[in-house]
Amino acid sequence: MTNNQFMFLLFSVVIVVFSLLTVTSRRILRAATFLLFVLVSTSGLYFLLRFNFLAAIQLTLYAGGIVVLIIFSVLLTSHISEKLAIPPVTKRIFAAIAAIAGAVLCILTILQTQFVQKTFDPARTNIRTIGEGMLSTGKYGYALPFEVISVLLLAAMIGSIILAKKRKD
Amino acid sequence: MTFNIYDFTSFNRWIDEGLNSIMSPTWALITEMAIIGIVFLLFYAVVGLFLVYAERKVCAFMQNRVGPNRVGPYGIFQTIADFIKLLMKELVYIKDSDKLLFNLAPFIVIIASFMALSAVPFAKGLHAIDFDIGILYVIAVSSLGVVGILLAGWSSNNKYSLIGAMRSGAQIVSYELSVGLSLLTIIVLAGTMQFSEIVEMQRNGWFIFKGHIPAVIAFIVFLIASTAETNRGPFDLAEAESELTAGFHTEYSGIKFAFFFLAEYMNMFLVASIGATVFWGGWMPFHVSGWAGFNTIMDYIPPFVWYIGKTAFIIWLMMLFKWTFPRLRIDQLLTLEWKYLLPINLVNILFMAFLVLMHWHF
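In the order they appear, the protein sequences are chains G and W.
If you count the first sequence from 1, position 65 lands on 65 in the working numbering, and the numbers rise without skipping.
If you count the second sequence from 1, position 146 lands on 1146 in the working numbering, and the numbers rise without skipping.
Please keep in mind that the hints were generated in silico from the structure rather than gathered at the bench.
Values in this document were obtained by computation on a predicted structure and should not be read as measured data.
Heads up, a few of these hints could be off.
Said to hold, decoys possible - Label pairs and their computed distance ranges (CB to CB): (1) W/1032 to G/143: 38 to 46 Å; (2) G/82 to W/1092: 44 to 52 Å; (3) G/16 to W/1338: 39 to 47 Å; (4) G/125 to W/1346: 22 to 30 Å; (5) W/1080 to G/136: 55 to 63 Å; (6) G/146 to W/1216: 29 to 37 Å.
What the hints assert, rightly or not - Computed cross-link-like contacts, SDA-like style, restricted to lysine to any residue with a CA-CA straight-line distance of at most 20 Å: (7) W/1099 to G/74; (8) W/1099 to G/18; (9) G/166 to W/1334; (10) W/1339 to G/154.
Here a beta-carbon is modelled for each residue, glycine too, at the ideal position from N, C-alpha and C.
Please build the complete structure, drawing on both the sequences and the hints.
Have a look at this one:
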């Protein structure tokens, strides 16, 4: 087993175990913390693939942004003594069936796919390439989608401010 | 072996080749990681202890007192004595707390600051990881620390802790923007995020001189925002002792409290290091382009001394802030960020981009 394989196994085991803990924990803040571990390990996988930029964005956005947001809203709304109720048996059975069916579908697809080994070196996609791709209008340029997404985000931001604002009347 | 205090690259290669010649590459890698880990732990502990001592001395100086002066000459062993006391204290058991999260929180805070520290260049070749996304990595990793503070506040099951954590969360999340944007101003000038390249580009002049007006504005914004991000006075409302006893770490005692305490000081050291590296050239000596004789004399001072000197200066500035300004209210704090620092920063980035396009920088 090479070092990379060992690290991959380590990260995957952490992701699987903490994903299960996230959905089975009955305390909502613990679930959020376990989700944090899942997201940090995912960024570890990206680092392993040498997609450094993606890994850092994963850490900033998901671990530092979304999880903080979730924890913040839990802090505002729930008390420490609260525990999530155990759902009824029928619900649990259907949830289990849905989950297993999804897993089987994914595993079957992965097993049937013929993976072709690429000789592509991810270290070459450095931050300069990404930046030029984002802002160029020529071939392999993503200026239009980039701008459309920024307008969408701006609209969402203004919308949330309007919703959260106190009405004067 | 050629041990050279001005360039550690050959020293690193000597260790690497030595280890690889006596064991397999995997074990050599593991040994190297262990060595670096131990060196960083020692560095962390020593710097943390020294900063606590320095803070008490600076505080005493500002209040016209002597400060610690009984344990050892000039009281330099005072913090070691304090540390031993903290180690021997009882870890108080909180009955209705969430024990898992309560015990986890200090580790998240300390691991985040530890990971961020690993990207700091201390001298030429004295650099644990040199990512091409260096600055982004530091911002990303240090943003994890706030999770530990929020968890600590919630899991203590104490209203003071909860309010402290909420304040701290709102503060860190908003001031992170200003820190990131002020660093981005310099990235526009440098054209790279890699720390080794950033330092190397400042060989013929530090960025604060090269980028003149926008760089100075960016540095001032960085200094304010990073003081706020480390939860230090005058932005220490998260642990305002007059209203919240001790904020998010009210229920912590002994070594767990020491973790929060140490992480706070190390975060201060970290932001001072980043500030020194990005704005003041890191380990790069003071050079004036054209003055060859002067530059040669400056090169005789070892890079590590330059680095420590600049970092210590910024830390000293941050300590002066703490003991000079009164604490802000939460609304003043958020107004300062969203209505002043953020617009100034955005305009400043445009200004810097214009300056770089027009080649008005040196």
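* Hint numbers not upheld by this structure, sorted from lowest to highest -> 2
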